[in-house]
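Undergrad: Guided by the hints, dock chain E onto chain G, whose structure is given.
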Amino acid sequence: MNRAALIFAGLLIIAFPLSLLAGRVWVDPSSTPNAALILMELRLPRSILAMVIGAGLGAAGAAMQGYLRNPLADPGLFGIAPMAALGAVISFWFGYSASAYLLPSFALLGAGAGMAMLALIAGRTSAGTGGGIALFTLAGLMIASLAGALTALAITLSPNAFALSEIVLWLNGALTDRSWREVMIAVPCVAAGLLLLTLASKPLDAMTLGQEAAQSLGVRPAALLWLLVGGVGLTVGASVAVAGIIGFVGLIVPHLVRPFTDRLPSSLILPSALAGALLVLVADSAVRVLPLVTELRLGIALSLIGAPFFLHLLLKMRRGRI
Amino acid sequence: MSLAASNISVQGRLDGVSVQLEPGQITAICGPNGAGKSTLMSCLAGLLVPDSGSASLGGEPLATLNPQRRAQMIGYLPQDGEVAWDVAVRNLVALGRLPHRDRGEKAIEAALEAVHLTQFADRPISTLSGGEKARALLARVFAGEPDWVLADEPLAALDFYHQHEVLASLHASAKLGAGVALVLHDLALAMNHADRVLVLKGGRLIADGPPETALDEANIIQTWGVAARWVGEPGARALVTS
Numbered sequence: 007m008n009r010a011a012l013i014f015a016g017l018l019i020i021a022f023p024l025s026l027l028a029g030r031v032w033v034d035p036s037s038t039p040n041a042a043l044i045l046m047e048l049r050l051p052r053s054i055l056a057m058v059i060g061a062g063l064g065a066a067g068a069a070m071q072g073y074l075r076n077p078l079a080d081p082g083l084f085g086i087a088p089m090a091a092l093g094a095v096i097s098f099w100f101g102y103s104a105s106a107y108l109l110p111s112f113a114l115l116g117a118g119a120g121m122a123m124l125a126l127i128a129g130r131t132s133a134g135t136g137g138g139i140a141l142f143t144l145a146g147l148m149i150a151s152l153a154g155a156l157t158a159l160a161i162t163l164s165p166n167a168f169a170l171s172e173i174v175l176w177l178n179g180a181l182t183d184r185s186w187r188e189v190m191i192a193v194p195c196v197a198a199g200l201l202l203l204t205l206a207s208k209p210l211d212a213m214t215l216g217q218e219a220a221q222s223l224g225v226r227p228a229a230l231l232w233l234l235v236g237g238v239g240l241t242v243g244a245s246v247a248v249a250g251i252i253g254f255v256g257l258i259v260p261h262l263v264r265p266f267t268d269r270l271p272s273s274l275i276l277p278s279a280l281a282g283a284l285l286v287l288v289a290d291s292a293v294r295v296l297p298l299v300t301e302l303r304l305g306i307a308l309s310l311i312g313a314p315f316f317l318h319l320l321l322k323m324r325r326g327r328i
Numbered sequence: 516m517s518l519a520a521s522n523i524s525v526q527g528r529l530d531g532v533s534v535q536l537e538p539g540q541i542t543a544i545c546g547p548n549g550a551g552k553s554t555l556m557s558c559l560a561g562l563l564v565p566d567s568g569s570a571s572l573g574g575e576p577l578a579t580l581n582p583q584r585r586a587q588m589i590g591y592l593p594q595d596g597e598v599a600w601d602v603a604v605r606n607l608v609a610l611g612r613l614p615h616r617d618r619g620e621k622a623i624e625a626a627l628e629a630v631h632l633t634q635f636a637d638r639p640i641s642t643l644s645g646g647e648k649a650r651a652l653l654a655r656v657f658a659g660e661p662d663w664v665l666a667d668e669p670l671a672a673l674d675f676y677h678q679h680e681v682l683a684s685l686h687a688s689a690k691l692g693a694g695v696a697l698v699l700h701d702l703a704l705a706m707n708h709a710d711r712v713l714v715l716k717g718g719r720l721i722a723d724g725p726p727e728t729a730l731d732e733a734n735i736i737q738t739w740g741v742a743a744r745w746v747g748e749p750g751a752r753a754l755v756t757s
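First to last, the protein sequences are chains G and E. Last residue of the first sequence: number 328 in the working numbering, and the count goes up by one each step with no gaps. Last residue of the second sequence: number 757 in the working numbering, and the count goes up by one each step with no gaps.
Source of the hints: derived by calculation from the structure; they are not laboratory data. Please read all numbers here as calculations on a predicted model, not as lab measurements. Using N, Cα and C, we set each Cβ at its ideal position, and we do this for glycine too. Mixed in with the good hints there might be a few duds.
What the hints assert, rightly or not - From the structure, some residues in chain G lie toward chain E, with a derived Cβ separation under 10 Å:
1) E47
2) P51
3) L215
4) G216
5) L223
For reference, chain G alone in the conformation it holds in the complex (with noise of 0.2 Å):
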């Protein structure tokens, strides 16, 4: 574990019990009445989800920033999330989001078949040299162009207004009212993708020479290639399943990790987990805690961070600081 991990394991560490005592009524174990049911069956619940879809989203960002060679990636880019979300909106015209596991359940088709259909463009020319990154780019593009203009449709032919307020506001990704089954879907999910996110590290590393050094220091294209849809469909398709559009995550965590790190890919991925799952815990508190006369939505929160943020970025970009 090297020292960025440390640093943000121990943030997590002092976090993850506070953020079960704060909210819209701070609890006090000794005091509040139902203090167990409340902290069991409400905070507990929603606090490990956003550490485990935090986890996720920052891994996923870190592996994509080193896989195309850019700190502006995101996952979100890649059309996975966009297709997640499209499978759920879906299931909300049909009516079957009422049903416990359906709504997960087509947002995480969407998000695989987002993969396939990535893995099957982009698969095909990864082989060579040159090429299958942009390529890898241009048919993620595409997909969340795609997913985007079919979610869009959706919405203007909604059934009736409750299922298209609920789909709105859905897409506004959030975790109030999750519970231990949403826990359960993710999971599974997030630790395979991290599993497969870990396993792409090394190759990601060879990948800071570029495709071509890469290949010349053994690395497959096409195995790295399926590593990181799978890793990153997985992270962000279950990610999007229990809690709509979280975006900006995988953006912001690995610069705010890089600076702890020697940089390369590999020594990024498991800080950037951590600070991943601290950040979303941190925001997700957060929301419960501001005085507003609805919970504001953490998809939202998060973008209103995230979007100064990248201009940030842009801006350091153009004086050529990172």
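TA: This is chain E only, laid out in the frame that chain G set:
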């Protein structure tokens, strides 16, 4: 073991090139822009499968060789020396050990020493000059202790002193039994330092032999279209345009 290309063609880039490179030698690959030098290097490094013909190492086709095993035996330095992240020089050089899956501290130190970068080992790559960065990238290849060093224009960014120092390191590698193949644009460097020169033009192999014959004045005018003559003693020759 020898590295060979057997009648390889890549559409629009290489046309029926056959060559057998021997270890213990420095082979220079020369030719005008677009002659197919980098394509030939990619094929010999096992990174590009030719449309026809095959490249092999010790008789084993590179296309079927395990990529990790191939990477342990062939170190390749591409022309594009881009480094995506601002890593420390030592960590960059350590990437050369990836095919071996070990830390290889001694090999990394020796590689840094060979390119005179030991004192810069802990500096971020962004603080290095172009020439220092080129040497760090070459050290990455040396760190893998490959049987073959294939480098595409490794001397282009180096000053006069470091060109000769890096060539001395490559000579030392060749003396220890490694095979070295370099794409070179400086014909004088090829003449004075290579044991063998391949001349490519329009994807075809025009000449193959000792530098004195492969780079004789007739071949130079036929390949580059420039009338030039060699002056000076063997080992210290200069090319003068007529």
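Undergrad: Run every hint past the structure and note whether it holds.
TA: Going through the hints against the structure:
Taken as an interface hint, E47(G) does not check out: its beta carbon lies about 44 Å from the nearest beta carbon of chain E, beyond 10 Å. The closest approach between the C-beta of P51(G) and any C-beta of chain E is roughly 37 Å, which is over the 10 Å cut-off, so the hint fails. For L215(G), the interface hint holds, the least distance from its beta-carbon to any beta-carbon of chain E being 6 Å, beneath 10 Å. Evaluation of the G216(G) hint against chain E yields a held restraint, the C-beta minimum of about 5 Å falling below 10 Å.
Residue-level restraint check for L223(G) holds (minimum Cβ-Cβ distance to chain E is 5 Å; threshold 10 Å).
Consistency with the previously given hints fails for numbers 1, 2, ordered from lowest to highest.
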